[in-house]
Amino acid sequence: IRKWKLATLEEIKQLTTNKDHIAFAEFILANMHELDFPDYQKLDLMQVPHLVRNIWAVDFRNIEPNDVSMHFSGTAIDAHYERNITGKSLRSFYPEEDYKRNISFYYDAISHKKKVYSKRIIHFSDDYINKQKVVESLFFPCSNNQTDINFGIGYTYYSFLDHTIKDQLVKF
1245 IRKWKLATLE EIKQLTTNKD HIAFAEFILA NMHELDFPDY QKLDLMQVPH
1295 LVRNIWAVDF RNIEPNDVSM HFSGTAIDAH YERNITGKSL RSFYPEEDYK
1345 RNISFYYDAI SHKKKVYSKR IIHFSDDYIN KQKVVESLFF PCSNNQTDIN
1395 FGIGYTYYSF LDHTIKDQLV KF
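Mapping of the sequence shown onto our numbering: position 69 corresponds to residue 1313, and the numbering continues sequentially without gaps.
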């Protein structure tokens, strides 16, 4: 008996028209092999080399109080933060407002095992960066035993500010 609802490509296409988000979803869904969650450690990102620069993964295996670490970050993610964030705690590179929003999002992903799509305007400002961008992300919780969420993998696309967008957050 399936406990968690599988995402469908049709659901994702209703959320975004970004061809790379759709290609990322196709890659993840194909690698789920009819299971509830992809197994991050079995994913071969070289199957989608054109997407890797925008892919990131969060490690949930050793959760620190109110923090998790970035297991992998593609070059577009690192370029956005103007430093390599692989292996860093989220608190060390997320601006405070975004950290508060995202840490609850990650804990929600673990406890409720939900996939998440978001599109929002974010102001990034710290000692390294000061910019506003539209951030569009698609996130899948991962499990190697189909019960415990041990990683999460996402695809994020950054674009220039467009004042006409409305923030979206969809858990499905």
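Since the hints were derived computationally from the structure, they do not count as laboratory data. Among these hints, one or two may not hold up.
As a list, the in silico PhoX-like pairs of lysine-lysine whose alpha-carbon atoms are at most 20 Å apart [as the list claims (entries may be wrong)]:
hint, residue 1, residue 2
1, K1415, K1357
2, K1357, K1286
3, K1286, K1344
4, K1358, K1344
With beta-carbon atoms standing in for the labels, derived distance ranges [claimed, not checked]:
hint, residue 1, residue 2, range
5, T1261, I1365, 13 to 23 Å
6, R1335, H1356, 15 to 25 Å
7, E1341, A1274, 18 to 28 Å
8, Q1285, K1415, 22 to 32 Å
9, S1348, R1327, 32 to 42 Å
Just so you know, even glycine gets a beta-carbon here, dropped at the ideal spot from N, CA and C.
Cross-check of the supplied hints:
Restraint check: the Cα-Cα separation between K1415 and K1357 comes to about 10 Å, which is no more than 20 Å; the hinted pair holds. A hinted pair counts as satisfied when its Cα atoms are at most 20 Å apart, and K1357 with K1286 qualifies at roughly 19 Å. Among the hinted pairs, K1286 with K1344 is inconsistent with the structure: their alpha-carbon atoms are about 30 Å apart, more than 20 Å. Between K1358 and K1344, the direct Cα distance comes to roughly 18 Å. Compliance with the 20 Å bound is thereby established for this hinted pair.
The beta-carbon spacing between T1261 and I1365, approximately 18 Å, falls within the hinted interval of 13 to 23 Å. In this structure the supplied range 15 to 25 Å holds for R1335 paired with H1356, their Cβ-Cβ distance being about 22 Å. The hinted window of 18 to 28 Å between E1341 and A1274 is violated, with their beta carbons roughly 36 Å apart. Roughly 24 Å separates the CB atoms of Q1285 and K1415, a value that falls within the hinted 22 to 32 Å.
The given range of 32 to 42 Å is broken by S1348 and R1327, whose C-beta atoms sit roughly 24 Å from each other.
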